[in-house]
Amino acid sequence: MAVAAIREYSFTPLDLEEKFHGNRLLYVGWEDHLMFCAPFAFPLPSSMTFRDLVEKVLPPVYGYHPDFARIDWAAVQWFKSGQPWQPQWDESLEKNGLRHKDVIRFRTPGLTGLQGSCS
Amino acid sequence: MDMQVAKKKLGLKEKYQVMTRDLNWTPTYQKMEDIYPYVHYEGIKIHDWDRWEDPFRLTMDAYWKYQAEKEKKLYAIIDAYAQNNGHLNVTDARYINTVKLFLTGVSPLEYMAHRGFAHVGRAFPGPGPRVACLMQSLDEMRHFQTQVHAISNYNKYYNGFHDFRQWHDRVWYLSVPKSFFDDAITAGPFEFMVAIGFSFEYVLTNLLFVPFVSGAAYNGDMGTMAYGFSAQSDEARHMTLGLEVIKFILEQDPDNLPIVQRWIDKWTWRGYRVLTLVAMMMDYMLPKRTMSWKEAWEIYFEENGGALFRDLSRYGIRMPKCAETIRFEKDHLSHQAWCTFYNYTAATAFHTWIPTEDEMQWLSAKYPDSFDKYYRPRWEFWREQAAKGNRFYNTTLPMLCQTCQIPMLFTEPGDPTKICYRETDYKGMKYHFCSDHCKEIFEHEPEKYVQAWLPVHQIYQGNCFPEGTDPSAEGFDPLKAVLQWYNVVHGRDNLDFDGSEDQRNFAAWRAQATRNV
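Protein sequences, first through last, are from chains F and V.
In terms of my numbering, the first sequence opens at residue 1 and continues consecutively.
In terms of my numbering, the second sequence opens at residue 1 and continues consecutively.
Errors might be hidden in some of the hints.
[As the list claims (entries may be wrong)] Here are the simulated DSS-like cross-link-like pairs (lysine-lysine), alpha carbons at most 30 Å apart as the crow flies:
| # | chain 1 | residue 1 | chain 2 | residue 2 |
| --- | --- | --- | --- | --- |
| 1 | V | 247 | V | 156 |
| 2 | F | 19 | V | 480 |
| 3 | V | 427 | F | 80 |
For the record, the hints were derived by calculation from the structure and aren't laboratory data.
The task is simple: from the sequences and hints, build the whole structure.
Below, the structure written as structure tokens:
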């Protein structure tokens with residue numbers, strides 16, 4: 001028993017994948033751009049392609065930042081759970097190995113935020 | 001006809017004995033462990049409850065008398081403040097948002113403290129701590145009531161005060177203080193005492209109450225000052241109780257030391273994370289500042305807390321582990337927190353704003369190593385955009401820490417340009433944390449924290465919309481639906497201070513009070 005308790009103590013986690021109505025959670029963070037104060041949480045269908053994530057989901061979310069339009073996506077470095085990672089753009093999130101509550105980050109070389117402040 | 005009987009008057013010491021220890025008895029037809037079922041499972045060993053030394057010799061009859069006096073004085077001041085439209089004497093209408101933060105974030109914790117101390121008082125077999133916990137439980141109820149009464153005056157004139165109780169249960173940023181106290185109150189009685197009695201009331205209380213109360217004093221808010229001082233007079237008793245608990249537990253058995261040390265490590269961190277709200281209040285929300293968060297931390301924690309832990313080292317207790325991490329964060333905490341609220345103010349029940357030019361100069365002077373380098377560029381960019389009518393409202397929900405429930409806004413210790421990500425796997429699922437400390441707390445009791453009600457995930461699960469909402473309907477606006485479920489009125493309670501109804505009303509009323517308009 002992983003908790004000090006007076007009797008058996010075991011509960012179903014509150015955030016199982018099946019509670020998200022066919023979606024799974026994916027967290028995304030943009031390195032060196034902390035004007036967006038924290039990484040984002042998205043509920044997405046696992047069948048969505050990685051290209052749709054980048055080309056449809058992210059632009060309205062990050063578009064406010066002047067650096068976003070300048071991103072050279074071919075040069076972007078991706079990380080999954082902090083480790084370098086290579087996404088397949090035309091494969092689904094599932095095929096890309098992205099499970100419920102995975103966290104990915106992207107680094108945009110040469111772009112380091114407002115006045116280089118990582119904002 | 002009444003019979004005249006010569007009363008025998010008890011001496012103080014005797015009276016104390018009769019009205020506390022003598023109220024105890026040893027049961028004969030029920031087993032001790034049935035009456036006190038929660039006293040062993042945490043692993044704390046107590047051999048002799050009579051060794052408890054009461055830190056203050058107060059009996060219930062004297063308690064009522066003192067408290068009644070305090071109440072009389074307090075309500076006289078609050079009435080005078082209300083009748084004289086004292087709210088128009090505060091420095092600036094922005095100040096009122098700190099009162100909103102206090103009512104929604106702190107006052108409900110007073111009520112939870114009342115419940116917590118009532119509960120643990122009942123759980124302890126020793127009469128000494130039982131009486132002390134009873135008094136503190138009543139104090140906490142009094143604090144809650146006086147705060148609600150005093151602040152209700154603001155509710156007559158300003159937005160963002162009308163539903164604090166429901167907000168405490170529902171609103172995303174208030175899940176931070178709520179989950180902190182829920183964690184404490186669902187722990188065993190000894191952990192609760194170390195969590196709230198010691199770590200919060202003794203180690204961290206000066207960083208919660210002093211900033212709010214002196215902030216009120218600096219900004220002309222007599223009402224908040226009055227209940228603050230009235231509560232502060234009880235705090236001395238609470239602090240003494242918190243310290244006595246630690247000493248008593250440690251003196252009873254050497255096996256208690258590692259358990260207590262782990263609780264101190266855990267609860268200093270948990271409490272500090274809640275104080276994030278105080279940090280931003282001090283550095284950004286008070287129009288007339290008292291001192292910076294960094295200065296307050298250095299005085300109240302590094303100096304005073306340092307002396308306390310040196311004193312406790314004779315029991316084998318060391319400084320909480322997190323002190324090192326916090327040392328890195330003190331230059332950044334308030335800036336990162338206020339930026340977060342600036343991002344998400346479409347979903348808050350108070351207003352945010354961009355610091356003025358002279359406020360930014362104050363921040364540069366107080367934070368020479370961090371403000372200009374990392375945070376000023378953000379504010380200047382946002383200011384430029386706001387002037388063009390393009391105020392930044394972040395409406396995509398953030399990733400949260402599983403333990404403290406704060407958005408993952410904190411940066412790596414030693415590198416303020418990198419968000420601090422930590423994760424662990426438990427029973428086939430990933431969990432994410434803002435820090436090593438939150439991760440360690442989870443890993444020690446994962447079963448407890450897998451149940452965390454994380455506001456962002458709850459919204460995505462569809463649990464935070466008014467009944468009958470169809471999230472699949474065309475044109476469904478999730479933010480609007482969540483605000484309805486909160487009972488926060490869009491365009492009135494939320495968004496930027498600039499252009500708010502509070503701002504307009506305050507200006508108009510103050511003009512009426514001071515000029516012939």
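Against the structure, the hints come out as follows:
1. Simply put, residue 247 of chain V and residue 156 of chain V have alpha-carbon atoms about 47 Å apart, too far for the 30 Å limit, and the pair is violated.
2. A hinted pair counts as satisfied when its Cα atoms are at most 30 Å apart, and residue 19 of chain F with residue 480 of chain V qualifies at roughly 22 Å.
3. Only pairs whose Cα atoms come within 30 Å are accepted, and residue 427 of chain V paired with residue 80 of chain F is accepted, the gap being roughly 20 Å.
Hint 1 from the list above is the single one not met by this structure.
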